[in-house]
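Chains as they are written, first to last, in my numbering: chain R, 9 to 124; chain G, 3 to 111.
Hints in this document: simulated from the structure, not taken from any laboratory.
Warning: the hint list may mix true and false statements.
[As the list claims (entries may be wrong)] With the C-beta cut set under 10 Å, the calculated list includes, among others, these residues of chain R facing chain G:
1) Ala10
2) Val12
3) Pro16
[As the list claims (entries may be wrong)] Covered, in the sense of this in silico footprint (three residues per stretch, anywhere, with C-beta under 8 Å from a C-beta of chain G), are these stretches of chain R:
4) 59 to 72
5) 91 to 100
Since we're looking at a predicted model, the values are computed, not measured.
A virtual CB, placed ideally from N, CA and C, is assigned to each residue, including glycine.
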Amino acid sequence: GAGVSQTPSNKVTEKGKYVELRCDPISGHTALYWYRQSLGQGPEFLIYFQGTGAADDSGLPNDRFFAVRPEGSVSTLKIQRTERGDSAVYLCASSLMAGGSNYGYTFGSGTRLTVV
Amino acid sequence: AQRVTQPEKLLSVFKGAPVELKCNYSYSGSPELFWYVQYSRQRLQLLLRHISRESIKGFTADLNKGETSFHLKKPFAQEEDSAMYYCALKPTGGFKTIFGAGTRLFVKA
Numbered sequence: 009g010a011g012v013s014q015t016p017s018n019k020v021t022e023k024g025k026y027v028e029l030r031c032d033p034i035s036g037h038t039a040l041y042w043y044r045q046s047l048g049q050g051p052e053f054l055i056y057f058q059g060t061g062a063a064d065d066s067g068l069p070n071d072r073f074f075a076v077r078p079e080g081s082v083s084t085l086k087i088q089r090t091e092r093g094d095s096a097v098y099l100c101a102s103s104l105m106a107g108g109s110n111y112g113y114t115f116g117s118g119t120r121l122t123v124v
Numbered sequence: 003a004q005r006v007t008q009p010e011k012l013l014s015v016f017k018g019a020p021v022e023l024k025c026n027y028s029y030s031g032s033p034e035l036f037w038y039v040q041y042s043r044q045r046l047q048l049l050l051r052h053i054s055r056e057s058i059k060g061f062t063a064d065l066n067k068g069e070t071s072f073h074l075k076k077p078f079a080q081e082e083d084s085a086m087y088y089c090a091l092k093p094t095g096g097f098k099t100i101f102g103a104g105t106r107l108f109v110k111a
């Protein structure tokens, strides 16, 4: 597609439930990133994929969070046993070069997750 | 530790006035630095990067390694510049980008 697509745009879920957030990057972008943005804060790194593999998952807050990118394009961020503190905007970004070096990221419009 | 600090949460200026959005970083090596912008109801987008030394929409930013700063400047602010601005740092050769908390710029008519 022309840009990075994220679905759903909004998700409201009950505490304890499981959610999946989807990201469809720009075609041909091998690098894909997930960030989380809480109110009043800048985006916070979660995980980085180069191709199908998670090259750096050091930003995932705990083992309730997991992400996959099985075919090297679409990625899914999965959150188990959601907690109210997980409420945030989850941003996906892709870039043409590994690390986005020199070119920066192209961001999606985000998924606003609200845990009630 | 790598850190990006944007000391102002909100900056309000009159149209036509100069604007400077401050950014300081903490990193022991040579970073790649960026400014991202988010206009109302739009997605976060890259504004400029220090490597290219470019001017985008009249904005420029100069890397000052001595002061570890990368302030964003524009000589004459326009109402359409009103947005949220984020300074970001990526370690050279690294993968993750670290963002500041952002500064909201409000340009008054």
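Evaluation of the provided hints:
About 12 Å separates the beta-carbon of R/Ala10 from the nearest beta-carbon of chain G, more than 10 Å, and the hint is not met. A hinted interface residue such as R/Val12 counts as satisfied when its beta carbon comes closer than 10 Å to some beta carbon of chain G; here the least separation is about 8 Å, so the hint holds. About 15 Å separates the beta-carbon of R/Pro16 from the nearest beta-carbon of chain G, more than 10 Å, and the hint is not met. Residues of the segment 59 to 72 of chain R lying with their CB closer than 8 Å to a CB of chain G number 4, which satisfies the three-residue condition for coverage.
Coverage of the segment 91 to 100 of chain R by chain G is violated in this model, with 1 residues showing a Cβ closer than 8 Å to a Cβ of that chain against a need of three.
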